[in-house]
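Given the coordinates of chain D, work out where chain E should sit on it, guided by the hints.
If you want the building blocks of each chain, they are given just below.
Protein chains: 2
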Amino acid sequence: MPQAAIEYARSHRDAFLEDYKTLLSIPSVSTLPENEGDVRRTAEWLADALRRLGMTRVELMPASVHPVVYAEYRADSVKPVLLIYGHYDVQPVDPLDEWRSDPFKPEVRGENLYARGASDMKGSMVALLKAIESLKAAGGIPLNLKFLLEGEEEIGSPSLPGFIELHRDLLRADAVLNCDGSIYGPDAPSITYGLRGLAYFEVEVLGPKQDLHSGVFGGSVHNPAQVLCELIAGMHDAEGRVTLPGFYDRVRPLSDEERAVLAQVPHSDESWKAMAGVKVLWGEKGLSTIERIGARPTLEVNGIISGFTGAGAKTVLPAKALAKISMRLVADQDPAAIHGQLCAYMREHAPETVTWDARELSHGHGALMRRDSAPMRAAIKALEETFGVKPFFKREGGSVPVVSMMQQSLGLDSIMLGFALPDDGIHGPNEKQHLPTFFKGIEGYIRFLLNLAEAVVPADSSH
Amino acid sequence: MPQAAIEYARSHRDAFLEDYKTLLSIPSVSTLPENEGDVRRTAEWLADALRRLGMTRVELMPASVHPVVYAEYRADSVKPVLLIYGHYDVQPVDPLDEWRSDPFKPEVRGENLYARGASDMKGSMVALLKAIESLKAAGGIPLNLKFLLEGEEEIGSPSLPGFIELHRDLLRADAVLNCDGSIYGPDAPSITYGLRGLAYFEVEVLGPKQDLHSGVFGGSVHNPAQVLCELIAGMHDAEGRVTLPGFYDRVRPLSDEERAVLAQVPHSDESWKAMAGVKVLWGEKGLSTIERIGARPTLEVNGIISGFTGAGAKTVLPAKALAKISMRLVADQDPAAIHGQLCAYMREHAPETVTWDARELSHGHGALMRRDSAPMRAAIKALEETFGVKPFFKREGGSVPVVSMMQQSLGLDSIMLGFALPDDGIHGPNEKQHLPTFFKGIEGYIRFLLNLAEAVVPADSSH
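Residue numbers (the working numbering), protein chains in the order written: chain D, 1 to 463; chain E, 1 to 463.
So that you can see chain D by itself, here it is in the shape it has in the complex (with noise of 0.2 Å):
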């Protein structure tokens, strides 16, 4: 049976690709208002093709301000039941003038796929789809699904913990697929067994009423974003840690086992820094680079703006100034209590002679799950038979805050694997996906799905 899915799969991957460019030519952006309808669309796209697959429930349920796409398969009720995820949303584009090609415009350019969403995910997300098309095509899908798509992940998932928490028992199933993942290179397949945190905030630094002439006001009033600047650099200390009261308290850290685990990432730091375009790495002092990514929590600047600039010279001094800060965390860290790290913080050192705020606009715990439950063994087999390697594990410096909400929810881990590359560009421009690895992925999925099947044994077959 894997044979026949595996044989329908290779001999349909030009309609395969045909339909993965259409998804992706609907711009998904789930921040952006004038997207909104672009955002539904996506929705009922994928819902028409779960309707094709033969799902038995298709519903777009309503969420906070994108639907949820639910849908079921009910195969035999002796056999386990499959919790996918996967979300439908993407980033914004912006800057848009880096882009070689329209990011809703998918184009192939050698071994690749570009468009805003090919690897973060719709690639994955149409991978799974084609598996179970090809299992399908191959004598029928082996075990019962249910799917949870999302369309607000990108805006950090503000519907979904309501969402899990309402729909226990509808969602309740023996294993969890988390198609948001990336193995670590095309012939060097990994498991991801840990995911940060996030805590996403916006800090705003305010001072005079209104822009002032900076030579007028110049030397007698603080300038809002010269003060920012200042707060930002007291953040990291000459070591490259944070200085935020009490922020690595709850890190767990890092025992000789999992030091050793990690070691076995065929990580290189040279060809790190030429994914990355730079010369010199950085980071905390003291610890690999796979550490510093996977086990431990950082903070970013991820914009800041103030005052004039626009093309040329204008002399103001700006009334404020604000910047988007976001600390990826680490078990056992909770996001809450970052925020009130950084507002003492701000508190301790911010001037008199400015005001601030901190708001916090999204967060998710991190986590980290089981190396050795039967679903994590059905995966490692479907990708060592898949690419023919044995996969390593690794933890994640991205975040996926489902995967410990459906822990606290459901009780369940998540079985990260999906065909993302560390090299696509996801959230930046000129996203790709890998098309060989895209088509690895349906093989790995096939895979996947059947030794599920076989491997996995109901926890109970009333639902």
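Accuracy of the hints is not assured; some may be wrong.
Said to hold, decoys possible - Below, simulated DSSO-like cross-link-like pairs (lysine-lysine); rule was C-alpha separation at most 30 Å, straight line:
no.	chain 1	residue 1	chain 2	residue 2
1	E	105	D	209
2	E	390	E	105
3	E	440	D	209
4	E	209	D	285
5	E	390	E	440
6	D	273	E	105
7	D	209	E	273
Note that these hints are calculated values from the structure, not bench results.
Chain E alone, transformed into the frame defined by chain D:
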């Protein structure tokens, strides 16, 4: 004769105001390419007005971007020649949403007229033209005049040094009136004898080749926004002093006599705070506010931008960060040397994880003028006659680079006589001109021209 001219001025206030509003309604923003035609229309409007006043030679002379309006009036060769400087361009209007009325639809609210350029400096320019009209109607213009009105002041007067050097003979004069000035308060006339210079830069920090995902790369790649903040934070020490190497080396120290003169400025920190809209003032320790803004150099962040600055959350690690940074300079600082100091600071402090660039956008020297010259006495007398109180001397925080150019090329001090007020909000939203001060300004100019015609003996009657 003063009385007849002043009565004419008083009886024509409505008509004067209408002409003033017409001039303000042309958006002569010199820095924006889309306003190039408007800047030219403004020059033509002024040329027509000068022709109507009977100037004998009126022409638009080419400059880098926007023309110089040049005009002459020959009254009598035994009378002195006054060279008049003004600029007819204005600053951009952003942030537009903070204006209570359209910046190019002048609106009177209370005693003030609100429009971009109302105070800086179409108001004083119109006041002078109306003073000349009043003198002409009341018997004749009492001295020889030359006009140099530029359209590039708000972009740093790129053509002016060359223009003045090239036209040294044409511009020969016995005194210079620079209308780009202000008085201390509606009932507190003052004369500015010191101006700060300006050196304006764009500082850019470049990190990864493109925006990166802050989760994937955060903690391994140095964030250019964070680096730029750290560099800016280091540009001031805890005493509020600028840390660029050698920055204070050529600053002319304040003498006890001059500190005593400046102590007579009826300055109140309380009203300065109210004007700026801040609760606490700031600046270099150990100096009065008047000393800090007039006699000491400063460094300001005029703008900063990096990464994602729209609504919502985007988790990028930005590829680059840019700041507009300008220094207000005092005699005898050299703007070219400041560029060297900035680059030396950057070389010393920028980490090896990034590259950087510091480009000069514009610069101008500071200036100090004699307080005891005949033209200065003519101005002091005119203000005292108009306001009923003796004016005091002050040094100003802003920059009027043409003043030092005329000192250097023509050997002439400028009389800074203009009728802006410090709370006019120039360069910011809701710029305004206090109308009672505008009308007093017309009378002040009438008296200044008459006093000057009497007091100054022409150095050379051949021009």
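inquiry  = Would the hint linking residue 390 of chain E and residue 440 of chain E be met if the CA-CA limit is 30 Å?
reply    = 15 Å, holds
task = Verify the proposed pairing of residue 273 of chain D with residue 105 of chain E, using a straight-line Cα cut of 30 Å.
result = Distance ~54 Å between residue 273 of chain D and residue 105 of chain E Cα, so the pair is violated.
key: Restraint check for residue 440 of chain E with residue 209 of chain D, where alpha carbons must lie at most 30 Å apart   = 29 Å, holds
ask   = Would the pair residue 390 of chain E and residue 105 of chain E pass a check requiring their Cα atoms to be no farther apart than 30 Å?
value = The given pair, whose Cα atoms are some 36 Å apart, is violated under the 30 Å limit.
request  = Could you grab the alpha-carbon distance between residue 105 of chain E and residue 209 of chain D and see if it respects the 30 Å cut-off?
outcome  = 23 Å, holds
request  = Below or equal to 30 Å on CA atoms is what counts here, so check residue 209 of chain E against residue 285 of chain D.
outcome  = 24 Å, holds
query = Is it true that the CA of residue 209 of chain D sits at most 30 Å from the CA of residue 273 of chain E?
reply = 10 Å, holds
Hints 2, 6, counting from the list given before, are not met by this structure.
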